[in-house]
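Undergrad: Single-letter residue listing:
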Amino acid sequence: MNEFIERNVRLSWHAAKRSYEVVIVGGGGHGLATAYYLATRHGITDVAVLERKYIGAGNTGRNTTVIRANYGIPEAVRFYQRSLDLYASLEEETGRGITHRQKGLLWLAHSETGIRAERARAELNTAFGAGTEYVGPDEIKKICPQLDMAGGGVWPILGASYHPGGATARHDRVVWTYAEGAMQRGVHIHQRTAVTGLMMDGDRVTGVETDGGPISAGAVVSAVGGHVTALASMAGLRLPIRTHPLQAFVTNRYGLGFDPIVSSSSLLFYASQTAKGEMLLGAEIDRQPSYSYRSGHHFLQSCGHRAMTLLPFLRNLRVLRQWTGVCDMSPDYSPVMGKTGVEGFYITTGWGTWGFKAIPVGGEQMAELIATGETPDLIAPFSLDRFARDRTMADRGSAGTH
Amino acid sequence: MSFHIPCPNCGTRAIEEFVYGEIVVVPDSITDPDERNLDRAFIHGNPEGPTSERWFHAMGCQRWLTLRRDTRDEQIILTAPII
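So the sequences go chain by chain: B and L. First residue of the first sequence: 1, per the numbering used here; consecutive thereafter. First residue of the second sequence: 1001, per the numbering used here; consecutive thereafter.
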C-alpha cells in the first residue's frame, strides 16, 4: 500500500437533531477543526457542522497547501507559528497521514529594496519565534539548483529569506482527519444542508434555519468561506470583506525532485512540488470581486510566463489542470475572528489567501473562545472591532499571494 | 477568470487594462457620523449577483466607466461612460 491509497476514513453520519450546544456553519477546514478541538480539548461534543455541499468542497479543497509562518507583523508570526507546530504534530495526534512535508520556503529578492525587505522579514520572524534567515545567491543555488540565478536577465536573484519551517500537506486529508476525529467523539456533520437564515431572539442568535428545518443552538459559529457577507447580514452585521477569485494550476509530473517552496513577491508567483510530483503554481487574486469559479487562459499565460523566468525547466512541462477558489479578502490582509458584538454569534473569516495554513490554530483558538467565553490572547488582535478601534493589522506584503 | 470590458471610448478590451473601483454605498440607516466614516472606509457590500461598479481604463483612454456586472458568473449587463 502506498501513501496515495486511502485507508477507509471512518465517518459516521447521523440524522440532524433539533438542538445542539454549538452549531458551526461551514464544513471546511476551519469549521471542522473548530469542532475537533471543541471535542478533544474542551469535551464539548454536542456540536453540529452544517455544510452546503460536501466537506472540503470550498476553498479548503482548492488552495495550494502552503504552510508557513514568515509573516510581516508580530501578532501574525506568533499566530501562524502555533499553526505550524500543530500541523507538525497532527499526524501523531490523530494517527492519520496528511502527507505533511517540511520543505523550507525561499522568498526571493530581485532588487536592493527586495533585499532590505527580506532581511527585515528574517529579523522579525526570528525575533517572534518563526525561524527565518537571510541567504545569499550561493546558498539559494544549493537549496534550489533549478533556479536561473540571472532571472532570464531581467529579474536577477540577489538574495532571499529562507524559512526552513515552510511545509505542505494534502488538503483533503486534513479535512478528513479533522472530520473523523470530531465524529468519533460524537460531533454530527450534516452535508448538503444549506443555512437559509439565522434565528434571532432580540439581539441574540439562538439557532439557524436550514433547508432541512430549524436547528436551535447555544452558539452559532460562522466558518463560511465565500458567502460570509450574506450570512453575517442575517445577524445585522456588515463585514469588511470583499470576495475575489484566486486561480492556480498544476503541471504534469516533474521527474526530478524539487525540494523547497519558491516564491517571489516581485514576480507574484509561487511554486512547489506535490507529493505526486506535479508542479503546483499560483499567483495573486483576480482584480475583480466575484464569486465565479471559472478559470481563464490569461492567468495561465501570465503566471506561467513569470514562473518560467525563474524556473526555466517548467518550459518542458504541460499544464494538467487549473481551478479557482474564492478568497474573502479583508482590508488589512489579516483574518477576522472572534466575537461579533451579537450574542451567541461567532465568526471566523477574512481567510483570503492564507486560510489553509491557519486551519489548526484557527480551530483551536475558536474552540477555546466558544468553550470559555474569553477571547484567547493569540486571536485578540484579529477581532472584528479592530477597524472601529483603528487597530488594523496591515500585512499585505507577506500575505498577498500564498 | 479573465474577461473583457466594452470601453465606450476604446472598444472591447481585456480586464487587465483596467483598474477596479468600488461604488461605496453607506446605508441611510447608519446615522452616527463616526460610524458612517467607518463604514465608508472599511465595509464592503460584497454583493452576490448583479452589481454596479467603476473601472478606470488605465492602459487606454484614462477615463472611468460604469459597469453593471453579475458577480456570480462575470456576465456584463451594460456599460455607461462617466466623467
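Derived by calculation from the structure, the hints in this document are not laboratory data. Take these hints with a grain of salt, some might be off.
Covered stretches of chain B, as calculated for chain L (at least 3 residues, CB under 8 Å) [stated by the list, open to error]:
no., segment
1, 225–232
2, 241–247
3, 293–301
Pulled from the structure, derived: some chain B residues nowhere near chain L, Cβ distances all over 12 Å [as the list claims (entries may be wrong)]:
no., residue
4, P137
5, K142
6, L237
With beta-carbon atoms standing in for the labels, derived distance ranges [said to hold, decoys possible]:
no., chain 1, residue 1, chain 2, residue 2, range
7, L, I1077, B, D211, 26 to 32 Å
8, B, E209, L, T1066, 44 to 50 Å
9, L, T1031, B, S216, 50 to 56 Å
10, B, K142, L, P1006, 48 to 54 Å
In this text, a Cβ means the ideal position worked out from N, Cα and C, and glycines have one as well.
Undergrad: Determine which of the earlier numbered hints do not hold for this structure and return their numbers in increasing order.
TA: Hints 6, 8, 9 not satisfied by this model.
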